[in-house]
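J.: Just so you know, the numbering used here puts 69 at position 69 of the sequence shown, and the rest follows in order with no gaps.
No lab work stands behind these hints, which were simulated from the structure alone. Idealized CB from N, CA, C, for every residue including glycine. Keep in mind that the hints are not guaranteed to be accurate.
[Stated by the list, open to error] Each pair of labels, with its calculated beta carbon distance range: (1) Arg221 / Gln434: 45 to 53 Å; (2) Ser49 / Gly361: 45 to 53 Å; (3) Gly278 / Lys11: 38 to 46 Å; (4) Thr235 / Ala32: 50 to 58 Å; (5) Gln35 / Leu436: 52 to 60 Å; (6) Thr353 / Asn139: 48 to 56 Å.
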Amino acid sequence: MSDDYLVRIGKLIRDARQHRGWTQSQLAEALATSQSAVNRIERGNQNISLEMIARIGEALDSEIVSLGYAGPMHLRVVGGRRLSGSIDVKTSKNACVALLCATLLNKGRTVLRRVARIEEVYRLLEVLNSIGVRTRWINDGTDLEIVPPARLDLSAIDADAARRTRSIIMFLGPLLHRMDSFKLPYAGGCDLGTRTIEPHMIALRRFGLEIAATEGLYHARIDHSVTPDRPIVLTERGDTVTENALLAAARHDGTTVIRNASSNYMVQDLCFFLEALGIRVDGIGTTTLTVHGSPHIDMDVDYSPSEDPVEAMSLLAAAVVTESELTIRRVPIEFLEIELAVLEEMGVDCDRTTEYTADNGRTRLVDLTVRPSKLEAPIDKIHPMPFPGLNIDNVPFFAAIAASAQGQTLIHDWVYDNRAIYLTDLNRLGGRLQLLDPHRVLVEGPTRWRAAEMMCPPALRPAVVVLLAMMAAEGTSVLRNVYVINRGYEELAERLNSVGAQIEIFRDI
Numbered sequence: 001m002s003d004d005y006l007v008r009i010g011k012l013i014r015d016a017r018q019h020r021g022w023t024q025s026q027l028a029e030a031l032a033t034s035q036s037a038v039n040r041i042e043r044g045n046q047n048i049s050l051e052m053i054a055r056i057g058e059a060l061d062s063e064i065v066s067l068g069y070a071g072p073m074h075l076r077v078v079g080g081r082r083l084s085g086s087i088d089v090k091t092s093k094n095a096c097v098a099l100l101c102a103t104l105l106n107k108g109r110t111v112l113r114r115v116a117r118i119e120e121v122y123r124l125l126e127v128l129n130s131i132g133v134r135t136r137w138i139n140d141g142t143d144l145e146i147v148p149p150a151r152l153d154l155s156a157i158d159a160d161a162a163r164r165t166r167s168i169i170m171f172l173g174p175l176l177h178r179m180d181s182f183k184l185p186y187a188g189g190c191d192l193g194t195r196t197i198e199p200h201m202i203a204l205r206r207f208g209l210e211i212a213a214t215e216g217l218y219h220a221r222i223d224h225s226v227t228p229d230r231p232i233v234l235t236e237r238g239d240t241v242t243e244n245a246l247l248a249a250a251r252h253d254g255t256t257v258i259r260n261a262s263s264n265y266m267v268q269d270l271c272f273f274l275e276a277l278g279i280r281v282d283g284i285g286t287t288t289l290t291v292h293g294s295p296h297i298d299m300d301v302d303y304s305p306s307e308d309p310v311e312a313m314s315l316l317a318a319a320v321v322t323e324s325e326l327t328i329r330r331v332p333i334e335f336l337e338i339e340l341a342v343l344e345e346m347g348v349d350c351d352r353t354t355e356y357t358a359d360n361g362r363t364r365l366v367d368l369t370v371r372p373s374k375l376e377a378p379i380d381k382i383h384p385m386p387f388p389g390l391n392i393d394n395v396p397f398f399a400a401i402a403a404s405a406q407g408q409t410l411i412h413d414w415v416y417d418n419r420a421i422y423l424t425d426l427n428r429l430g431g432r433l434q435l436l437d438p439h440r441v442l443v444e445g446p447t448r449w450r451a452a453e454m455m456c457p458p459a460l461r462p463a464v465v466v467l468l469a470m471m472a473a474e475g476t477s478v479l480r481n482v483y484v485i486n487r488g489y490e491e492l493a494e495r496l497n498s499v500g501a502q503i504e505i506f507r508d509i
């Protein structure tokens, strides 16, 4: 059996196992083999007999395992349908990946409630499992249990999984307190242009971390005699940069002040989790965070991340673009207030319930009901700003919304080098978007959407925007290779179908 087919079959087995909600150890137990053997099979590093393939298929209740490579996932969208009813917002993708990285701080057992079942989480779990961390889905696959080993084995890291997620960069903060040197694969994720790790390094050098990048790896060395002797000023008010600084400060034996910190939703959730670990964090929700660290964190902790404001914006945009009446439940309102203010100025008809508290006990939620509306283009341009401004990840959804409004809207996506370019994919569906430069797009509305077949953009949010436009277009559209959507959304097609969409998942045979 060729190495190529071994890799394909291994990936298929891995996907079937994760769909079942099993860990590698659970599958190994069912097959009466070792977890390391399952790991080798899934990475395509072990010959596998037809009998073993059949046994795996039986154990996972997955006939596809015995048939071979399934191929990439595609979506067939019958558009022009109105949505109705109500839909819940899932927990935050960006908070969940930060919390998974944060579990490396704790020597005890961590349980994370209602973790997003998305590809980004799966990739991080593969990395964690490969270095010795035990993880398993519990409570019918709803919650995730994480138990660290006494010693991490970074030499066994799953490099392929690590390179498929930019979140791996957040291993730097917790790992620098656990060892003297280590290697990490280059961070991957969406294709959003050049994004350096220098802002991370400016913060983490203050804890003695130095990195040399060679041959696809970050080579990290730590001088444990170096500690922050004055406040750390971040050169970029980025979410992951702030999180990395927080993760490093959590196990620093002393007080660390972080200035120009992001106060975005995932950063706040991370701060709340650190408090559950016994770390005091002052200034949550502001741009100055003071962390009272502890060099030893060993406790059992149970934490519920809050809902995802970007998913809430996605669902809100779906209702607007399809001219539907839809109730979106469990919306983290404090992270969508600017977006809603802009939408209301454009004429979006919506109302909200009184506020209630998320399961983390801190985040404010509401239920939003959106109705069909006559939209006008906003007078001012749409552009992101750090929280409490309009969220960077919500900017792309305004392209589809602006295309539904009367008049011209200027969208200025100044943060990412390439993302605005992908918004012009809407032109293949009838949109009239003019790319002024790599960061600015002029949107002319209203749009008569038309069906088309196209490849999925390689960036998460523009990919979902294309899907929403297909839902509004009369006829049948096909969106090919939607892995990038699965990186950030759990069962999005099935959930949209539950409120009236008609989206079929299929693969090439």
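J.: Find the hints from earlier in the document that the structure breaks and name them by number, from lowest to highest.
T.: 6
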